[in-house]
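Colleague: So you can see what is in the structure, the chains are spelled out below.
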Amino acid sequence: MGETQTQSLSPASPSMSVIAPAVAWLVPGAGHLIQKRWIRGLLLMASISTMFILGLLMQGRVYRPNGGDILDILGFVGDLGAGGLYIVTRVQNWGQGAIAHATADYGTKFLIVAGLLNFISVADAYHIAIGKKP
Amino acid sequence: MTLELSHFSAAVLFSVFASVVFGITQRNTPSEQIRYGLYCFVMFVGGVFVAGWVMWLLRH
Numbered sequence: 023m024g025e026t027q028t029q030s031l032s033p034a035s036p037s038m039s040v041i042a043p044a045v046a047w048l049v050p051g052a053g054h055l056i057q058k059r060w061i062r063g064l065l066l067m068a069s070i071s072t073m074f075i076l077g078l079l080m081q082g083r084v085y086r087p088n089g090g091d092i093l094d095i096l097g098f099v100g101d102l103g104a105g106g107l108y109i110v111t112r113v114q115n116w117g118q119g120a121i122a123h124a125t126a127d128y129g130t131k132f133l134i135v136a137g138l139l140n141f142i143s144v145a146d147a148y149h150i151a152i153g154k155k156p
Numbered sequence: 093m094t095l096e097l098s099h100f101s102a103a104v105l106f107s108v109f110a111s112v113v114f115g116i117t118q119r120n121t122p123s124e125q126i127r128y129g130l131y132c133f134v135m136f137v138g139g140v141f142v143a144g145w146v147m148w149l150l151r152h
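Protein chains in written order, with my numbering: chain R, 23 to 156; chain X, 93 to 152.
A few of these clues could be false.
[Claimed, not checked] Here are the computed distance ranges between Cβ atoms for each label pair:
no. : chain 1 : residue 1 : chain 2 : residue 2 : range
1   : X       : Leu-150   : R       : Leu-79    : 31 to 37 Å
2   : R       : Ile-95    : X       : Asn-120   : 30 to 36 Å
3   : R       : Pro-156   : X       : Glu-96    : 37 to 43 Å
4   : R       : Gly-106   : X       : Phe-141   : 35 to 41 Å
5   : X       : Trp-145   : R       : Ala-44    : 31 to 37 Å
6   : X       : Asn-120   : R       : His-123   : 40 to 46 Å
7   : X       : Trp-145   : R       : Gly-106   : 24 to 30 Å
8   : X       : Ile-126   : R       : Lys-58    : 29 to 35 Å
Source of the hints: derived by calculation from the structure; they are not laboratory data.
Heads up, the beta-carbon is just placed ideally off N, CA and C, and yes, glycines get one too.
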């Protein structure tokens, strides 16, 4: 991963500080890829996407927008972090199965944590765009 | 298609993915990123074993 050693700390164009986080939210890892951090971007994409897909395969529950229990609201916020993955899942109406076994609950947690990890990835893409991180 | 993982394998997979993201996002240089990712992985999996033994001691 010698890519970062040659990157300067000068900020990219001002528009990049808006585009990179937006793209990073929509497609996990893409915020790094458009800033030519190829290895980091691919690793983030693989990790977050695989975690989200595993959560779906484990029959995890995908939270919808809600105003009820605080844990349900936080679950929705976590899921929303996955961006495009969450949108596709909602459009396809996946993740609505009844939780019938213990691993389904693990799946729900995988989905939430994938979204939360993508929030961290979005912040990292922003820090690269403003020149705070190589 | 349904995937049914054991608690341990789910915990290890969780540790791998979370450690990769933590390593990349929380450190600046590649060597630091690898070292911190490995550190997080060891702490995650170590925590699973520690929690397992604590629960075993509470049970007995």
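Colleague: Now, for every hint given, state plainly whether the structure supports it.
Modeller: Do the hints match the structure? See the list:
1. X:Leu-150 - R:Leu-79: 31 to 37 Å: holds (33 Å)
2. R:Ile-95 - X:Asn-120: 30 to 36 Å: holds (34 Å)
3. R:Pro-156 - X:Glu-96: 37 to 43 Å: This hint holds: roughly 42 Å between Cβ atoms.
4. R:Gly-106 - X:Phe-141: 35 to 41 Å: holds (36 Å)
5. X:Trp-145 - R:Ala-44: 31 to 37 Å: With a Cβ separation near 45 Å, X:Trp-145 and R:Ala-44 fall outside 31 to 37 Å, so the hint is violated.
6. X:Asn-120 - R:His-123: 40 to 46 Å: Since the Cβ atoms of X:Asn-120 and R:His-123 sit about 42 Å apart, the hinted range of 40 to 46 Å holds.
7. X:Trp-145 - R:Gly-106: 24 to 30 Å: Violated, at about 41 Å.
8. X:Ile-126 - R:Lys-58: 29 to 35 Å: The hinted range 29 to 35 Å is violated for X:Ile-126 and R:Lys-58, with Cβ atoms some 20 Å apart.
Checked against the numbered hints above, the structure violates hints 5, 7 and 8; every other hint is satisfied.
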